[in-house]
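Chemist: This is what each chain is made of:
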Amino acid sequence: MTLKVYADRMSQPSRAVIIFCKMNGIDYEEIKVHISKGQHLTSEFEEINPMKRLPAITDGRFKLFESHAILIYLACAFPGVADHWYPADVSTRSRIHSVLDWHHSNLRRGAAPYVFNTTIAPVLGRPLNPQAAAEAEPILSSSLSKLESFWLKENGRFLLGGNQPSIADLSLVCEIMQLEVLDEKDRARILGPHKKVQQWIENTRNATSPHFDEVHKVLMKAKEKLQNQRLKAAKNEGGSDMKKALPSRM
Amino acid sequence: MKLKVYSYRRSQPVRAVIIFCKVNGIEFEEVRVDIAKREHCTPEFSEINPLNQLPAIVDGEFKLFESHAILIYLACSYPGVADHWYPSDIFKRSKIHSVLDWHHSNLRRGPVTIVQNSVVAPVFHRTFNPERVAEGEKILSAALSKIESFWLEGNGPFLLGVNQPSIADLSLVCDIMQLELLDEADRNRLLGLLTIKSYKMIHRL
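Chains as they are written, first to last, in my numbering: chain A, 837 to 1086; chain B, -4 to 200.
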């Protein structure tokens, strides 16, 4: 087994690559690199990817990073990958490149910092940053609107009117799944208005079942932990409110 | 029907596409869209690209936007484009995808943030924002270091250590050239961050 995938399943693009490998029966070894423990900053991992980012792969002596580049490489290099993931037709393929490029400066630019600065930062030893979150939210919302009104406007179940998923669906849906860890109110406010987007997420999940749910387990566990923390914090606040009320009753 | 390239030459990714067409003898009609006059927001241009961004192309009935996607499409669709621009070898090609992707969240963000929050701020209905400019300079400086120490590693003068330019060199260099819009003192200070390797790459191109 020459293919190694360096991944942290809390990382959106890592999940896209793992799900792709599983869906296509690609033989690989998953090497877990925990961002929360700083394992991406070690000199061992720097040998694999000097940019110290996940995911990264090695295939024999070949090393590669950036998830879109990895997905395209795997689609081209491994036999048995169905054409719909990365079609051979130049025009269809170009449109997939177009949405993957758009993703970097739009959906990811909004979603990743919003989730990080409202929720995830403390897990990685950093403070929450409400200002950065406030700057990211309109980019996220605008991107979801563009998905709803443009990228999903044709009749198919997937992006660009496709009836089967491509690497673009996998990449973008894994990004949006990160919103699961948000406070439920925020998630409902941001994602709620976009019905087509929600349906498309479900379509992608079903098309990549059971791997989608299995690979997202880590994220869902984090979601549960964060929800419990929020409930606890809310209860404690309620308790201290009562204490403040007592002197006035007396 | 000739290829149409919707263009605004002050835009870095537009220049990459135009240069690519000219260098490869691809016949095209350049349709100028003046961003300063908000021509990219007209209903006519929205028909071409509903996301109102440049560059965009129309090739027969096929419409496409996002400069990297356009460069790849042109390299694959037009005969006579030399292999070094977008090699057919899967390993070389993947490395080009890797640097093009890295570019979005790294180099591109630097000059764009600096220029949009200083000299061209009024075009985007913004005021000069020294904080954002400082942020942009940090991003640019980090990206240029990575280009020096990693992407230009190897024997050749171009990205990924090769001897002939690819679409990645064109895309990244056009972004660095955007710094020409700054006043001379700022430009010299920032371009001073480039060392011999980067200059060689830019001038060879």
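In short, the hints are calculated from the structure, not lab data.
Since we're looking at a predicted model, the values are computed, not measured.
Just so you know, not all the hints are guaranteed correct.
[Said to hold, decoys possible] Pairs of lysine to aspartate or glutamate residues, derived as EDC-like cross-links and limited to a Cα-Cα distance of at most 20 Å, are as follows:
(1) B:K141 - A:E1050
(2) B:K133 - A:E971
(3) A:K982 - B:E148
(4) A:K1059 - A:E1020
(5) A:K873 - A:D919
(6) B:K58 - A:E883
(7) A:K858 - A:D1019
(8) A:K989 - B:E143
(9) A:K899 - B:E42
(10) B:K141 - A:E880
(11) A:K899 - A:D863
(12) B:K58 - B:E25
(13) A:K899 - A:D844
(14) B:K58 - A:E1016
(15) A:K899 - B:E148
(16) A:K858 - A:E1020
(17) A:K888 - B:E143
(18) A:K873 - A:D895
(19) A:K989 - B:E25
(20) B:K(-3) - B:E39
(21) A:K888 - B:E148
(22) A:K1057 - A:E1016
(23) B:K141 - B:D84
(24) B:K141 - A:D863
Chemist: A separate judgement is required for each hint: does it hold in the structure or not?
Modeler: Now for the hints, and whether the structure bears them out:
Using a Cα cut-off of 20 Å, the hinted pair K141 (chain B) and E1050 (chain A) is violated, with the two alpha carbons roughly 36 Å apart. For the proposed pair K133 (chain B) and E971 (chain A), the alpha carbon gap of about 19 Å is at most 20 Å, so the pair holds. For the hint linking K982 (chain A) to E148 (chain B), the alpha-carbon distance of about 39 Å lies beyond 20 Å, and the restraint is violated. Restraint check for K1059 (chain A) and E1020 (chain A): the C-alpha separation of about 10 Å stays at or below 20 Å, so the hint holds.
A distance of roughly 38 Å separates the Cα atoms of K873 (chain A) and D919 (chain A); the hinted pair therefore is violated under the 20 Å criterion. Using a Cα cut-off of 20 Å, the hinted pair K58 (chain B) and E883 (chain A) is violated, with the two alpha carbons roughly 41 Å apart. The hinted pair formed by K858 (chain A) and D1019 (chain A) fails the criterion: a straight-line CA distance of about 30 Å is larger than 20 Å. This hinted pair does not check out: K989 (chain A) and E143 (chain B) have alpha carbons roughly 43 Å apart, beyond 20 Å.
With a C-alpha separation of about 41 Å, the suggested pairing of K899 (chain A) with E42 (chain B) is violated against the 20 Å cut-off. Restraint check: the Cα-Cα separation between K141 (chain B) and E880 (chain A) comes to about 19 Å, which is no more than 20 Å; the hinted pair holds. Simply put, K899 (chain A) and D863 (chain A) have alpha-carbon atoms about 16 Å apart, close enough for the 20 Å limit, and the pair holds. A distance of roughly 15 Å separates the Cα atoms of K58 (chain B) and E25 (chain B); the hinted pair therefore holds under the 20 Å criterion.
For the hint linking K899 (chain A) to D844 (chain A), the alpha-carbon distance of about 17 Å falls within 20 Å, and the restraint holds. Distance hint between K58 (chain B) and E1016 (chain A) is unfulfilled; the C-alpha atoms sit about 35 Å from each other, more than 20 Å. The suggested pairing of K899 (chain A) with E148 (chain B) holds, with an alpha-carbon distance near 15 Å, which does not exceed 20 Å. Among the hinted pairs, K858 (chain A) with E1020 (chain A) is inconsistent with the structure: their alpha-carbon atoms are about 30 Å apart, more than 20 Å.
Taking the CA atoms of K888 (chain A) and E143 (chain B), the gap is about 17 Å. The hint holds against a cut of 20 Å. Note on K873 (chain A) and D895 (chain A): the hinted pairing is violated, with a Cα-Cα distance of about 25 Å set against a maximum of 20 Å. Distance check on the hinted pair: K989 (chain A) and E25 (chain B) sit about 29 Å apart at the alpha-carbon level, beyond 20 Å; violated. With a C-alpha separation of about 19 Å, the suggested pair K(-3) (chain B) and E39 (chain B) falls inside the 20 Å cut-off, and the hint holds.
Our distance criterion of 20 Å between C-alpha atoms is met by K888 (chain A) and E148 (chain B), whose separation comes to about 17 Å. Between K1057 (chain A) and E1016 (chain A) the alpha-carbon distance is near 10 Å, which keeps this suggested pair within the 20 Å criterion. The suggested pairing of K141 (chain B) with D84 (chain B) is violated, with an alpha-carbon distance near 25 Å, which exceeds 20 Å. A threshold of 20 Å between alpha carbons decides the hint, and for K141 (chain B) with D863 (chain A) the separation of about 32 Å lies outside it, so the pair is violated.
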